[in-house]
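Fit chains B, C, D and E to the given chain A structure using the hints.
Residue numbers (the numbering used here), protein chains in the order written: chain A, -19 to 283; chain B, -19 to 283; chain C, -19 to 283; chain D, -19 to 283; chain E, -19 to 283.
Keep in mind the hints are simulated off the structure, nothing from the lab. Watch out, some of these pointers could steer you wrong.
Only part of the chain E face toward chain D is listed, based on derived beta-carbon distances under 10 angstroms [unchecked claim]:
no.	residue
1	34
2	37
3	38
4	53
5	61
6	68
7	87
8	211
9	227
10	231
11	233
12	237
13	252
14	254
Built from N, CA and C at the ideal position, the CB exists for glycine as well.
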Amino acid sequence: MLLKKNIPFRYVFGKIKYEIALVVLYTLVIVLIHDRFNLKATINIPLTVPMIMGTVISLLLAFRSNQAYDRWWEARTVWGAIVNDSRSFTREVLTFINSAEFPEEAERLRERMIRRQMAWCYSLGQQLRGLSATEGLERLIPKREVAYVARFANVPMALLELHAKDLQIALQRDWINAYQQVQIDSTLNKFSDSMGKCERIKNTVFPSTYSLYIHFALNFFIMLLPFGVIEFFGWGAVPLVGAIAASFLLIEKMAIHLQDPFDNKPTDTPMTTIARTIERDLRQMLNDNYVPETPPVYSYYVM
Amino acid sequence: MLLKKNIPFRYVFGKIKYEIALVVLYTLVIVLIHDRFNLKATINIPLTVPMIMGTVISLLLAFRSNQAYDRWWEARTVWGAIVNDSRSFTREVLTFINSAEFPEEAERLRERMIRRQMAWCYSLGQQLRGLSATEGLERLIPKREVAYVARFANVPMALLELHAKDLQIALQRDWINAYQQVQIDSTLNKFSDSMGKCERIKNTVFPSTYSLYIHFALNFFIMLLPFGVIEFFGWGAVPLVGAIAASFLLIEKMAIHLQDPFDNKPTDTPMTTIARTIERDLRQMLNDNYVPETPPVYSYYVM
Amino acid sequence: MLLKKNIPFRYVFGKIKYEIALVVLYTLVIVLIHDRFNLKATINIPLTVPMIMGTVISLLLAFRSNQAYDRWWEARTVWGAIVNDSRSFTREVLTFINSAEFPEEAERLRERMIRRQMAWCYSLGQQLRGLSATEGLERLIPKREVAYVARFANVPMALLELHAKDLQIALQRDWINAYQQVQIDSTLNKFSDSMGKCERIKNTVFPSTYSLYIHFALNFFIMLLPFGVIEFFGWGAVPLVGAIAASFLLIEKMAIHLQDPFDNKPTDTPMTTIARTIERDLRQMLNDNYVPETPPVYSYYVM
Amino acid sequence: MLLKKNIPFRYVFGKIKYEIALVVLYTLVIVLIHDRFNLKATINIPLTVPMIMGTVISLLLAFRSNQAYDRWWEARTVWGAIVNDSRSFTREVLTFINSAEFPEEAERLRERMIRRQMAWCYSLGQQLRGLSATEGLERLIPKREVAYVARFANVPMALLELHAKDLQIALQRDWINAYQQVQIDSTLNKFSDSMGKCERIKNTVFPSTYSLYIHFALNFFIMLLPFGVIEFFGWGAVPLVGAIAASFLLIEKMAIHLQDPFDNKPTDTPMTTIARTIERDLRQMLNDNYVPETPPVYSYYVM
Amino acid sequence: MLLKKNIPFRYVFGKIKYEIALVVLYTLVIVLIHDRFNLKATINIPLTVPMIMGTVISLLLAFRSNQAYDRWWEARTVWGAIVNDSRSFTREVLTFINSAEFPEEAERLRERMIRRQMAWCYSLGQQLRGLSATEGLERLIPKREVAYVARFANVPMALLELHAKDLQIALQRDWINAYQQVQIDSTLNKFSDSMGKCERIKNTVFPSTYSLYIHFALNFFIMLLPFGVIEFFGWGAVPLVGAIAASFLLIEKMAIHLQDPFDNKPTDTPMTTIARTIERDLRQMLNDNYVPETPPVYSYYVM
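So that you can see chain A by itself, here it is in the shape it has in the complex (with noise of 0.2 angstroms):
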């Protein structure tokens, strides 16, 4: 995620300096034409048939920002989703599961459980990103626990299955009753649901139709505007289109960035950011201070 502050200047207009140096270069490239063959009657363009295209591009830009800002917020809000259901799973796990017999071996069925979901929460995150799912998961859960997931395409999901038979566990020795196994069940759903919407937006693609027309649309739109400016610019049409060119082509880029925000970029969901706060959260809540490692800093953002 981007930090409000420090964001340099090279960040934001980097991702066009191709496209504009273009823009430049073809508006230039028109006016020497224009400006040596005198050709001013014939290629000169009333000003409003850009203008016809500008009502349609900015409308479909709009349409853009809107469902990339939408796959954002809702990234954000099944991750926000993840932090609560975490912090209710460990609530339900300390104050549910209690043996009169066996306490010591009810708290240690505890911990193991509150760990995992720590570990859970990083292994989503990685899988999330393309990188291993269980690397560094060895810090948190047993190794016999490592090798079981690791064999599993899909890691965090297993994860969430020996959360279940840990219950099944616990209901069987009548150290948790029949109620609150299924309450707590229902949050291990919870979870499943949250896996698979960041799935969902990771794995589908901005209909790519609509991608590539407004890019064409708005390439048309730029090749139109010298023509329409040359008359009145002369040589001042080259900064004036290249500027012009610059807000549109930023809008687009920053909707192809903000709507996949699972891809390892400084646009990206915070999640080891997010893991971290978990962790912290949970190990308070086992009495246990430590305080987990802080991930790397970056100026202007943070993953």
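Same frame as chain A, now just chains B, C, D and E:
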């Protein structure tokens, strides 16, 4: 679903080639008449007139794109929910259904239900695409069940009924407790909801009056265009009108393609691919590492 | 619901024929006066004035189309939910209600409840359309029940009460356990919600002030138009103004028709067709392959 | 709620009569000055300047109309939910609460709760309109209860507490089972949610900065208008500016009226009418065919 | 939250005074140069150019206003849900927790939980505003509990854990049944969700790239404006450009203020006021008519 890469030019523009040919022809005729009979004063229109039309049409196209996108995204979301619920269903079946007395029978019941869930996903996808809903199910469920469901108009609904009957059996034999049965039954309700949502999107035509009207207004706008630009461009009006018409027609076509996500087209929801992922995940939870056959691969889309 | 095909031209344009006639007459009068008295300088308006009005009216029409579409789509979604919940209800009734002692009585109860659910769907549809809510129910439920519900102002609500009484009986006779009863009762609550949502859409008028205002502003805009184009087109202004007016008036009419989806019009939610599908599915689950009568078929819509 | 018919002209335009008078006066003064001192060259503005303002104001008014409509529709939806939940509550009370031993006492409890639910609806409506929340409750609940709830700042909340106490009594006497009590208690939570949603809409002012700003920008736009059209129309500018100003001012006023749906105005949510419908339905379920008094009838709206 | 009345002029325009001063200065310089060197032909721009920019910027500002409003409204909705759930929680605690044997101890437990709920609301509000989350809690909960929660990074989360522990105690002593415990625990989950939603809104920066870009494009648009109007107005361009710039800059500023509803500003969600209302209502349910201290009153907003 269209992929990000390799979308052929002909796929995008192929959809409007006849319309564009007509527009070019029409503009040519007008330029010809204009040129021959020197009708400048009579058939020239101030560009503001098509511009007023252009504004309202742009807004209607934005409205239509929005609704089409919403249908498409809802379809995708429903199939995402099917993924999540299939995993939760499997996790619950695996951990809830147990029998100390008849462990092998319970094992068989669990496997039967999970394999039937895989079948449900394929069956729903085929039914939505208008193909045979029972084709290929023998691979996953017993012939007896295939025969039973085949007599239903709605095969996936019949499969859910078989799920429910198995659950009732498990409850009667005490392999599951009463809360757990209701909990899994709630998941069956979610499958029923997802199926119904897909049917609703499939069976509900986007309001035809809007489709028709937008189509008429768009054609009227395109027919006005040549009169507006002919004064400035002469023969140059032909490519200009062609390009502007293409821009507007493409948005309309894309909305039309996006709004029906279950029609066996490249822009479809990739139901076969999703069903295959579900099969892979569910098999792994059953300790079965068989990877289902890859569906046919296309260069720029998946089904 | 309008189908995709065969929508007659007269259906679409029939709705605005009087308005268009008036607009054409009005424009004719203005052109005549203009022509006769040579008032060019006096009654000519720069096109930018209607354009400012055109922008705000376009936005208001987009706003109105959006809200009308949302009402229409919500109505359709509610009836989709009725389909899903009817199937879930039937599945639960069939698998939950059992009696080892009185299997035949339980069988009769199950069938009675499921047939009553079919009746509920038809009854709700007829009540929403302002027709008799008890007509034709004898086909599905006992005369005694028809007589009972007939004295209620809200017949479908009374049918749900009969469902609930049967459930209580099943619980008292131990044909169903306590969790299952609450689970089916939750489904009854969903029917109650769906019914109430339909009534809300039916009974809530789209804010009349907006309707009125949009109507006034649109008429004002159309009255300005001839003054804006008369200078350029002379007698040609008549078809031009007619066509532009038709474009705007049609959007308004369509929103008006779409916003009331339970008014016994071709743009309605196809409740009869949906109820018929539910009857077919529920009967098949009862092993009854009777296919309900096809409702009257129209060439371009279903009811 | 405004009805579809009979909305008097004065209701719609009465709201902006002072504003319009001012605009007309202002335009008159400008035309006068312009005419007298022949200031054509100095105070004439190209129409494009008000048009740029017109675009941004149109979008802001569309934004505001949208939010106002959403508040109004949410208010209506909440009251729709109150209808549905009141019916579900009544159905559950009638079928869940039973006593073989004390059938008459149970009967009295059922009736008391259902009548209290009617009272709750009236009470909430009156509280939201800023009227006495206990007025007229004696008609439906015992005096003792009226006295009890009267000491609460939030009367409907106190009525829900009484519901909950009765449920606890029913549970303790075994007239209801534990799952049923929790199920009805969930319905009470829904009433609590609905009540809170109404309070939120009532108490949350639409962001005043937006209101203010839109108001300022709109006035600035109207003040620019005469300068833009004076050149073309002379004295004709007065009615033209007046009509355009009326168009924009009306949209603003309508949004303002719609955004506060609990303010004892004709555009209100028709809470009294809804509460009356609930009373009629609930009484019929109690076998009581008393039809509650019709609330005062107005010619073009219901309260 | 800003109130409807008394918003001082300086509050609204104070936010853009430096920007406006700069715009005025800039326009002055351009008019001066234009006037001195008679550069009319060179630096004059057709107004259509800023108009194309104006359209896209208007749409982006509408997009941004929408998202900012949605964040603000979601924040308010979450706090509305906290009100509703606090009341439901209290009702459930009061009616569910009972002990025939130890009525006084149960009474104490009920009061302790309800007072802790009041504390939770204040604590969450302070934490979101970046203030001390434990300040003033001694007024409502025992010192022992204050000390316990103070060691947590997330104090409200710790308070919920204490709630859950009390519930478990009530279950173990049989003062509550198993379904009731799960029901209240579900309410705790809702508190956890509400808390997490607030944190999400607080911690998620509105996409900085959009903020930056809209800011750049807006400034570019304002810099173009004087060149467009200078020809018509001369020195009159200064107030005109100033007023148009103010219109656009104000919309941007308002969106910026609205989008962060937990930042200790007058546009905040009025969390202190809401928490106070909750305290009053919950105390009344405890038969305690103590009215909490009024928070500091401001002339045009509440906190």
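Hint check:
The interface hint given for residue 34(E) holds, since its Cβ lies 5 angstroms from the closest Cβ of chain D, which is under the 10 angstroms cut-off. The restraint placing residue 37(E) at the interface with chain D holds, with a minimum CB-CB distance near 8 angstroms, inside the 10 angstroms limit. Taking 10 angstroms as the C-beta cut-off, the interface hint given for residue 38(E) holds, the closest approach to chain D being about 4 angstroms. Restraint check, residue 53(E) versus chain D: the minimum CB separation of about 8 angstroms is within 10 angstroms; hint holds.
The beta carbon of residue 61(E) is positioned within 10 angstroms of a beta carbon in chain D (closest approach about 7 angstroms), and the interface hint is therefore held. For residue 68(E), the shortest C-beta to C-beta distance to chain D is roughly 5 angstroms, which falls under 10 angstroms, so the interface hint holds. At about 15 angstroms, the closest approach between the beta carbon of residue 87(E) and any beta carbon in chain D exceeds 10 angstroms, and the interface hint on this residue is violated. Of the supplied interface hints, the one on residue 211(E) holds, with its beta-carbon coming within about 9 angstroms of a beta-carbon of chain D, less than 10 angstroms.
At a threshold of 10 angstroms, the smallest CB-CB gap from residue 227(E) to chain D is about 5 angstroms, leaving the interface hint in force. Hint status for residue 231(E): holds, given a least beta-carbon distance of 7 angstroms to chain D, under 10 angstroms. The criterion of a C-beta within 10 angstroms of any C-beta in chain D is met by residue 233(E), whose closest approach is roughly 8 angstroms, and the hint holds. Below 10 angstroms, beta-carbon pairs count as interface contacts, and residue 237(E) has one with chain D at about 7 angstroms; its hint therefore holds.
The criterion of a C-beta within 10 angstroms of any C-beta in chain D is not met by residue 252(E), whose closest approach is roughly 14 angstroms, and the hint is violated. A cut of 10 angstroms between beta carbons decides the hint on residue 254(E): the least distance to chain D is about 9 angstroms, and the hint holds.
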